[in-house]
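Chain residues, written in single-letter form:
2 protein chains.
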Amino acid sequence: MPRIKLTVAYKGTNYCGFQIQPNQTTIEGTLNEALTALTGTPTAVIGASRTDSGVHALGNVAVFDTDMQIPAQKVAYALNARLPHDIVVTASEEVPDTFHPRKCVSEKTYEYRILNTKFPNPLIADITHFYHYDLDVQKMQAAAAYLVGEHDFTAFCSTKTATQTNVRTVFDITVKRTEDTVTVRVTGNGFLYNMVRIIAGTLIEVGNGRRTPESVKEALESRDRNASGPTAPACGLTLIGIKYQ
Amino acid sequence: MPRIKLTVAYKGTNYCGFQIQPNQTTIEGTLNEALTALTGTPTAVIGASRTDSGVHALGNVAVFDTDMQIPAQKVAYALNARLPHDIVVTASEEVPDTFHPRKCVSEKTYEYRILNTKFPNPLIADITHFYHYDLDVQKMQAAAAYLVGEHDFTAFCSTKTATQTNVRTVFDITVKRTEDTVTVRVTGNGFLYNMVRIIAGTLIEVGNGRRTPESVKEALESRDRNASGPTAPACGLTLIGIKYQ
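Read top to bottom, the protein sequences are chains A and B.
Numbered by the working numbering, the letters in the first sequence go through residues 221 to 465 in order.
Numbered by the working numbering, the letters in the second sequence go through residues 221 to 465 in order.
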C-alpha cells in the first residue's frame, strides 16, 4: 500500500498539542478525521514531532498508508479542503514504505520568537512570547554556543522525560534581533521533551543579566534540571522544518 | 476636566469593528467598559478611526475626559490590566481639551499585507490576506502612483459612503515584497469608507495581470465604483498609526 508523506503547518493555539488524546482537539486527531473522510476508510497518520499544546509548526511531517486513487501531489489540496484554517498541508508526496518520520535520521529546526518591547503586540501575541525587559543578544549568543555539539541534555529537558538516552546533538544555535523580535533558532538531530523551551527560558535569563553565559555551561555539565532556567511559554515556539537524509 | 489620549493596538479578528454597536463586541465598547471600571464612573472614548470588522490596528487613537487621580502616563498600564489580550494601550498622555481625534488635522498610515505563496500560512492567516497567484509588484507600484495626490476618490470608496466630499489627499503609496509578503502602504490625510481595501483589491488585479496600471488612472477619473476592483478582505488591513500636527 503506497505511503504518503505530508508536510504540515499549523497554529497550535487552539489545539492540545499534536498527539491524539481522547476527548481533546489535537492536530493528529484532526488530520486523521480529514484523511478518513477523504479516503472513506479509517486512516491514521504517524507524526514526526509531537509538539506540545500551543506550539506551532511550519513544517512538521506525517505519513499515512492508502490505496486511494489520487495522485500523491494532489493529496495536499484535497486535505486542505477538509481541514480547519489553522492546519494547512503544504506538500504531499509518495515515499518508500520503509520511511518512518520518527525512526529515520533527521535534522530538525525550531525557532523560539521573543517580542522584546515595552508593550505587547496583539497582532502576533499568539505566535511570540512577549518579554519586556531588555535582552542582550550578544550574551545570549555566547551562552548558546556552549550548547552546540553532542551533549547529555538532562539539565535541559523536563523531569518527565522518559527516553533511553538524553544525549542529543545540537548542530547550530543562533540568537538574532530583527527590529523588536529576538529569535533563537536551534537545529539538531532530535530534541528532548521541552528542550527548546528550556533552552529559550535559560537564554532569556542570560539576556536579562540574571545569569552569566558561563552558567549555561555549568548547567549543562550538572545534568540537573534545577540548574537551568524556566520553561519558556509554548506560544513562542515554532517547528520550522525537518530534513531527512 | 483633563483629556487623555490613548494609542491603541488591537487584533480585530474577534471584534465587530471599532465603533460601538448594541449587542456586539466592539473595540470602542470594550475600551469604554475598561475605562468605566478603572475610573468608577461612566466613561466613553472618542475614537479617531472607526476601523471595520476584522481590521487591525497598531496605532489607532482615542481620547477620554476624566478627573481620575492617576498620572496620565500610567493609564496605559492600568487599562491593559483590565483589557483582553487582543487590545493593548501602548501609550497614554494628557492633551489639551481642544484636541479631537477626528477633527484635528492628521496623517494616517495603513498597511495592507498580502501573503503571496502557493499555500496559506496558518500562523499569520488572521493578519494577512492569502493570495496564491503571482503578483507583479512593479506593475502594482506603477498603478499606485496614479493615486498619489489630491483626488476625488469616489471610484475607490464604498457606495455606502456618505461624506460631504470624496476628495482626499494620498501623500504616498508604496508596494514592496519582503520574502513571501507583498505590502501596500498608504499614507494620507484621511480615507473614505473601504478606500484602502478597494485600493488593495484593485492593485491585486493589476499585479495578477487582469488589468493594466493605466486602468487605475481611468478608474480614478471615472468616479465610478464599478470601474475599480473588489474590496480586499478585512484581515489584510492594519492601521499603522496616526500623526497629528
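Rather than coming from a laboratory, the hints here were simulated on the basis of the structure.
One should not assume that every hint holds.
Since copy identity is lost for identical chains, a pair holds within one copy or between any two.
Heads up, simulated DSS-like pairs for lysine-lysine below, C-alpha to C-alpha not over 30 Å straight-line [to be verified]:
no., residue 1, residue 2
1, LYS359, LYS323
2, LYS338, LYS396
3, LYS437, LYS225
4, LYS294, LYS380
5, LYS338, LYS225
6, LYS294, LYS437
7, LYS338, LYS463
8, LYS396, LYS225
9, LYS338, LYS380
10, LYS225, LYS359
Cross-check of the supplied hints:
1. When the C-alpha separation of LYS359 and LYS323 is checked against a cutoff of 30 Å, the pair qualifies neither within a copy, at 36 Å, nor between copies, at 49 Å.
2. Within a single copy, LYS338 and LYS396 get their C-alpha atoms as close as 19 Å, and across copies as close as 28 Å, so both meet the 30 Å cut-off.
3. For the homomeric pair LYS437 and LYS225, neither the shortest alpha-carbon distance inside one copy (38 Å) nor that between copies (48 Å) is at most 30 Å.
4. For the identical chains of this complex, LYS294 and LYS380 are neighbours neither inside a copy (40 Å) nor across copies (42 Å), given an alpha-carbon limit of 30 Å.
5. Proximity of LYS338 and LYS225 under a CA criterion of 30 Å is satisfied inter-copy only: 18 Å between copies versus 43 Å inside one chain copy.
6. Taking the shortest Cα distances, LYS294 and LYS437 never come within 30 Å of each other, neither inside one copy (48 Å) nor across copies (41 Å).
7. In the homo-oligomer, the alpha carbons of LYS338 and LYS463 lie at most 30 Å apart only across protomers (20 Å), although the nearest pairing inside one protomer, at 37 Å, exceeds that limit.
8. With identical chains, the CA atoms of LYS396 and LYS225 are never at most 30 Å apart, being 32 Å at best within one copy and 35 Å at best between copies.
9. With identical chains, the CA atoms of LYS338 and LYS380 are never at most 30 Å apart, being 35 Å at best within one copy and 40 Å at best between copies.
10. Proximity of LYS225 to LYS359 under the C-alpha cut-off of 30 Å is found in neither arrangement, the shortest distances being 40 Å within a copy and 38 Å between copies.
In terms of the numbered hints stated before, the structure departs from hints 1, 3, 4, 6, 8, 9 and 10, listed from lowest to highest.
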